[in-house]
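Protein chains in written order, with our numbering: chain A, 124 to 723; chain L, 124 to 723.
Treat the hints with care, since some could be wrong.
A pair holds if it fits inside one copy or across any two, identical chains being indistinguishable in the list.
Stated by the list, open to error - Below are the DSS-like pairs computed for lysine-lysine, each with C-alpha atoms no more than 27 angstroms apart in a straight line:
{"#": "1", "residue 1": "446", "residue 2": "527"}
{"#": "2", "residue 1": "359", "residue 2": "152"}
{"#": "3", "residue 1": "550", "residue 2": "389"}
{"#": "4", "residue 1": "359", "residue 2": "430"}
{"#": "5", "residue 1": "550", "residue 2": "195"}
{"#": "6", "residue 1": "186", "residue 2": "202"}
{"#": "7", "residue 1": "624", "residue 2": "389"}
{"#": "8", "residue 1": "152", "residue 2": "613"}
{"#": "9", "residue 1": "550", "residue 2": "527"}
{"#": "10", "residue 1": "624", "residue 2": "550"}
{"#": "11", "residue 1": "359", "residue 2": "389"}
{"#": "12", "residue 1": "308", "residue 2": "550"}
{"#": "13", "residue 1": "446", "residue 2": "408"}
{"#": "14", "residue 1": "389", "residue 2": "408"}
{"#": "15", "residue 1": "186", "residue 2": "527"}
{"#": "16", "residue 1": "308", "residue 2": "186"}
{"#": "17", "residue 1": "628", "residue 2": "550"}
To be clear, the hints were calculated from the coordinates, so they are not data collected in a lab.
Computed from a prediction, not measured in an experiment: that's the story for all the values here.
Number of protein chains: 2
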Amino acid sequence: MNGQGPRILRLAMSQINTTVGDLEGNKAKIIAGIERARDEGADLVTFPELCLPGYPPEDLLLKPQFIAANLKALRDLVKHTRGITAVIGFVDRADDIFNSAAVAHNGEMVGIYHKMYLPNYGVFDEIRYFQAGTECPVYVINGVTVGITICEDIWYPDGPALPQALLGGAEVIVNISSSPYHAGKGYMRERMLSTRASDGLVIVAYNNLVGGQDELVFDGHSLIFDENGNLIAQGKQFEEDFIVADLNPDAVFRRRLHDPRRRQEKARYRPTETKKIVISTEPRKDPRPAFKREEIVLLPREAEIYKALVIGTRDYVTKNGFKTVVIGLSGGIDSAITATIAVDALGRDQVVGVSMPSEYSSRASVTDAQELAENLGIRLLSIPIQPAFDAFREMFGEHFRNLKENETEENIQARIRGNILMALSNKFGWLVLTTGNKSEISVGYCTLYGDMAGGFAVLRDVPKTLVYDLARYRNSIDSKGVIPQSIIDKPPSAELRPNQKDTDKLPPYDVLDAILEAYVEEDRSIEEIAEMGFDAALVKSIIDMVDRNEYKRRQGPPGIKITPRAFGRDRRMPITNRFSLELPIRTTSYVRRQYVRRRT
Amino acid sequence: MNGQGPRILRLAMSQINTTVGDLEGNKAKIIAGIERARDEGADLVTFPELCLPGYPPEDLLLKPQFIAANLKALRDLVKHTRGITAVIGFVDRADDIFNSAAVAHNGEMVGIYHKMYLPNYGVFDEIRYFQAGTECPVYVINGVTVGITICEDIWYPDGPALPQALLGGAEVIVNISSSPYHAGKGYMRERMLSTRASDGLVIVAYNNLVGGQDELVFDGHSLIFDENGNLIAQGKQFEEDFIVADLNPDAVFRRRLHDPRRRQEKARYRPTETKKIVISTEPRKDPRPAFKREEIVLLPREAEIYKALVIGTRDYVTKNGFKTVVIGLSGGIDSAITATIAVDALGRDQVVGVSMPSEYSSRASVTDAQELAENLGIRLLSIPIQPAFDAFREMFGEHFRNLKENETEENIQARIRGNILMALSNKFGWLVLTTGNKSEISVGYCTLYGDMAGGFAVLRDVPKTLVYDLARYRNSIDSKGVIPQSIIDKPPSAELRPNQKDTDKLPPYDVLDAILEAYVEEDRSIEEIAEMGFDAALVKSIIDMVDRNEYKRRQGPPGIKITPRAFGRDRRMPITNRFSLELPIRTTSYVRRQYVRRRT
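Please model the complete structure; the sequences and the hints are all you need to start from.
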């Protein structure tokens with residue numbers, strides 16, 4: 124420590140929306156961030172984990188040419204660090220590749236940190252790609268000692284931040300992160316980071332990514348906690364942001380004099396674990412522009428999830444080079460909320476609805492779809508499917524003779540609609556958004572190549588009961604109430620045969636969703652779920668449906684993860700799978716209702 | 124060591140075909156193996172890695188009830204080991220879960236080995252699930268010292284087999300394995316295991332799994348090498364087998380006296396790494412039944428791959444509870460070889476062909492499909508698609524007015540065919556096999572929800588040039604030559620518009636496949652591939668097609684991995700991906716031919 128009086132580290136955190144593989148575009152955003160930070164008088168500017176290659180790059184990391192291009196882009200970036208220190212996520216190559224943070228200052232690389240804790244669970248596969256780092260130095264930046272960590276590193280109570288603070292004397296821990304969103308994760312993250320700060324008696328600055336990448340949404344929500352664990356600055360959720368804060372390392376020193384726990388703890392570590400790299404010892408004395416931050420409050424549940432769906436949809440569509448989406452509007456709640464999200468993501472001119480009524484569509488469904496389209500101000504095409512349905516019936520006449528109509532004919536209709544939407548996609552270059560929700564997709568109450576046909580499944584991870592919550596939320600923030608009340612009120616139906624209702628084959632959605640959450644997200648057993656108050660035979664029939672329909676989900680389009688466990692990279696089940704447990708013996712007297720799958 | 128004269132360890136290796144999750148079925152196979160081994164007078168019987176839960180169980184391993192059921196099944200199994208020692212793959216639970224080998228003897232558990240090296244690359248995700256083991260004991264079984272290892276353990280030159288042999292005095296190393304097949308892997312495996320045996324001066328007995336599980340095929344090919352690295356016994360490829368061999372540990376001792384390298388090496392290890400667990404010190408004296416083994420020769424390339432496709436198809440169909448498959452027969456080579464494989468896998472009565480001609484189908488295509496069906500002896504349905512195609516044209520009349528017919532109308536036809544096949548599947552419970560090959564799927568020359576619609580993609584990992592090799596091979600082993608020569612000779616065409624040829628949009632398949640192998644399997648750069656002798660602009664256009672069509676592959680059905688790098692769990696690319704390299708500057712003068720994607 125020096126004795127030169129009050130020190131300040133002005134930190135800028137650049138919460139940017141990058142794109143995987145877009146080295147030039149990501150580089151430009153990083154340069155803009157460095158320049159803005161310099162304009163705001165910052166000593167240090169940080170960027171998210173792997174911001175240069177984009178996150179997660181997946182098997183792009185197996186291409187030597189991708190590693191080389193990322194290193195070349197980094198060399199370009201380093202030149203832009205005149206008069207400032209920047210921490211930039213990239214892929215380092217030494218004897219192996221590492222998930223890394225470059226520390227650049229005045230046009231020079233002054234250090235590279237290699238991530239020490241590699242997540243390999245849930246949606247993460249980092250051990251597939253990276254070697255783990257073994258060193259956690261600290262850097263003296265304008266007289267303030269700073270430890271650099273990457274994402275997962277900070278989720279361990281004895282991760283590198285602890286020796287950095289205890290032994291290296293770090294007054295500030297920077298954590299650059301690309302932490303995927305699920306509903307409610309923000310609270311957990313705040314709680315954890317606050318504890319790390321007060322445990323280490325250290326300022327913790329957490330710089331997260333924002334934006335959508337395939338199934339994942341990154342929610343921003345960058346955070347700074349002081350040495351007491353108090354939140355002192357925060358980035359917006361689901362938007363790019365630029366957070367500037369003046370950090371006070373002398374308060375850290377004062378706090379440490381008052382709290383002697385660290386002296387006990389220090390003895391546990393080998394002093395060789397951290398080394399000190401001095402960039403500059405002099406605190407900046409020049410006058411700097413003032414800044415002020417607005418107060419940010421965490422969004423309530425429905426607003427948060429809705430925003431996640433909007434940004435996830437917008438980024439999937441635009442980052443894949445599309446402008447316009449097309450959606451089949453059935454007059455039901457799922458397609459209504461999907462279209463509303465699409466309008467909020469892309470604008471009304473970039474959303475096309477298609478009404479595809481059949482002989483089984485109710486008059487109300489058709490008019491509800493029309494009213495929705497009018498409320499949203501989107502184009503609505505009408506393409507009745509009867510001619511094609513009649514043609515298929517004729518073509519199958521001989522082959523299906525003497526067989527009763529059943530799910531087969533229901534699926535034919537759904538697949539005619541899929542063909543129509545894909546033909547519009549092919550002819551006009553529109554991306555098809557599918558409308559199925561997580562409840563349907565879980566039990567296979569959907570038609571492969573029918574209503575599952577499309578490029579992106581907005582509601583893939585949204586249970587039906589939450590679909591209703593989102594519809595009510597969206598109507599509540601808009602004086603017009605874009606989603607007609609009749610759509611919210613009517614009983615759900617696929618309308619693929621006369622007087623069909625979802626409850627013909629499924630329990631009510633509040634029951635179904637509770638069982639699905641316990642099974643799909645938490646892997647509870649039949650017995651445990653039954654103990655929550657459900658009929659064990661019903662629970663078993665639902666579980667069997669979930670297991671049996673893995674093959675369908677495997678062929679569905681990607682969608683946005685918003686729960687702790689989404690289908691896809693987050694839940695990797697075999698299709699060929701004979702594991703099924705018998706009902707517990709003491710439940711044999713249950714009424715066995717038949718909830719069989721209807722559509723395939 | 125004892126000095127009681129010639130010792131023998133009679134080893135039985137049970138090369139079984141298990142099913143993921145089928146604890147009862149797998150248990151029954153293991154019990155049958157133990158009983159047969161006892162009948163054959165074996166001292167030791169081994170089974171493949173994770174044979175009890177099935178391999179790979181994927182996220183079933185996140186279910187406590189699955190772990191518990193597997194432990195219960197193991198307890199049942201142990202009781203069946205009267206008078207014999209058995210090594211059985213299962214999931215152990217201690218403070219965490221482990222990929223484990225149970226060592227059971229005389230109705231008791233005498234030891235548990237935890238896999239030390241967990242693969243987490245290619246198709247493997249074992250660090251997602253398991254803790255790694257830290258101990259590698261040896262077991263004395265009827266006077267012979269045996270080290271147990273699991274799969275990946277033996278692929279490291281300094282894995283547990285080395286201390287087991289050097290320090291623990293193991294005379295035999297058992298490796299229980301579930302090692303997925305790709306073409307040519309057998310030779311690599313033999314070479315590696317032979318080297319391990321001669322490096323360790325130890326007998327190596329490798330017991331592999333056999334059978335199909337979703338994308339993977341396990342090829343059996345269990346092996347025993349003596350202490351000189353000579354092959355002494357071998358299991359069949361792609362079939363269940365039961366291998367018995369008398370191992371001679373005294374030859375191991377003699378060899379070690381002559382080769383002193385191990386004395387140098389021993390000093391490198393801490394002696395605590397291996398402990399000795401004595402099961403029985405007395406060599407068996409009782410007379411045992413004789414056995415003899417037939418000589419097995421590794422299958423030639425086409426025969427090996429063909430067998431892999433047959434077993435992969437059979438196991439996917441039957442393990443998922445289907446009996447019959449349905450295949451669209453276009454008169455082309457892909458559907459011809461797919462149908463032939465299906466007949467070889469399931470029998471002619473369980474294969475249904477469907478001819479779905481359009482106005483663009485040539486007369487020859489229709490008759491070729493008929494001739495193929497006759498040669499195979501399968502049913503052939505005929506469902507011309509014109510009525511549905513006319514209906515779609517009518518339905519789109521207003522919306523597509525003044526627009527030229529293009530890929531859209533081609534895709535509509537393909538999707539009508541997909542709808543027909545799926546309707547037959549729904550009505551009759553047949554599984555649809557798709558017929559697309561790896562070359563098409565790589566560049567997106569296929570229609571999502573059209574010819575890609577189905578449950579299993581037999582040729583998903585088979586390049587087009589190999590499709591021809593397989594057709595010629597299959598005709599060569601059958602006096603009739605089931606695949607009509609005209610199917611092999613005609614230029615490939617999708618027949619979705621007049622006089623269409625694949626080469627309208629793609630280079631010749633020998634060029635395409637060479638580029639695809641370099642890019643998809645080996646991740647070579649444009650420049651490196653161009654240096655192999657290809658036009659750089661062509662290489663770039665192919666690479667762009669591969670990258671751009673990731674979204675289609677993501678929605679395709681699973682298929683059988685037969686190359687070192689298959690699409691799917693083996694190659695995990697982002698859909699949203701802007702990484703593309705410019706052409707190297709020195710290649711700007713190349714003629715830029717247009718190879719654009721045709722179908723979506």
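These are the hints, each one checked on the structure:
no. : hint      : in the structure
1   : 446 / 527 : between (44 angstroms within a copy, 22 angstroms between copies)
2   : 359 / 152 : within (18 angstroms within a copy, 58 angstroms between copies)
3   : 550 / 389 : neither (67 angstroms within a copy, 71 angstroms between copies)
4   : 359 / 430 : within (11 angstroms within a copy, 57 angstroms between copies)
5   : 550 / 195 : neither (40 angstroms within a copy, 58 angstroms between copies)
6   : 186 / 202 : within (26 angstroms within a copy, 51 angstroms between copies)
7   : 624 / 389 : neither (65 angstroms within a copy, 73 angstroms between copies)
8   : 152 / 613 : neither (47 angstroms within a copy, 53 angstroms between copies)
9   : 550 / 527 : between (36 angstroms within a copy, 10 angstroms between copies)
10  : 624 / 550 : between (34 angstroms within a copy, 22 angstroms between copies)
11  : 359 / 389 : neither (36 angstroms within a copy, 60 angstroms between copies)
12  : 308 / 550 : neither (41 angstroms within a copy, 45 angstroms between copies)
13  : 446 / 408 : neither (49 angstroms within a copy, 80 angstroms between copies)
14  : 389 / 408 : neither (33 angstroms within a copy, 63 angstroms between copies)
15  : 186 / 527 : neither (55 angstroms within a copy, 41 angstroms between copies)
16  : 308 / 186 : between (33 angstroms within a copy, 23 angstroms between copies)
17  : 628 / 550 : between (37 angstroms within a copy, 19 angstroms between copies)
Of the numbered hints stated above, those contradicted by the structure are hints 3, 5, 7, 8, 11, 12, 13, 14 and 15, listed in ascending order.
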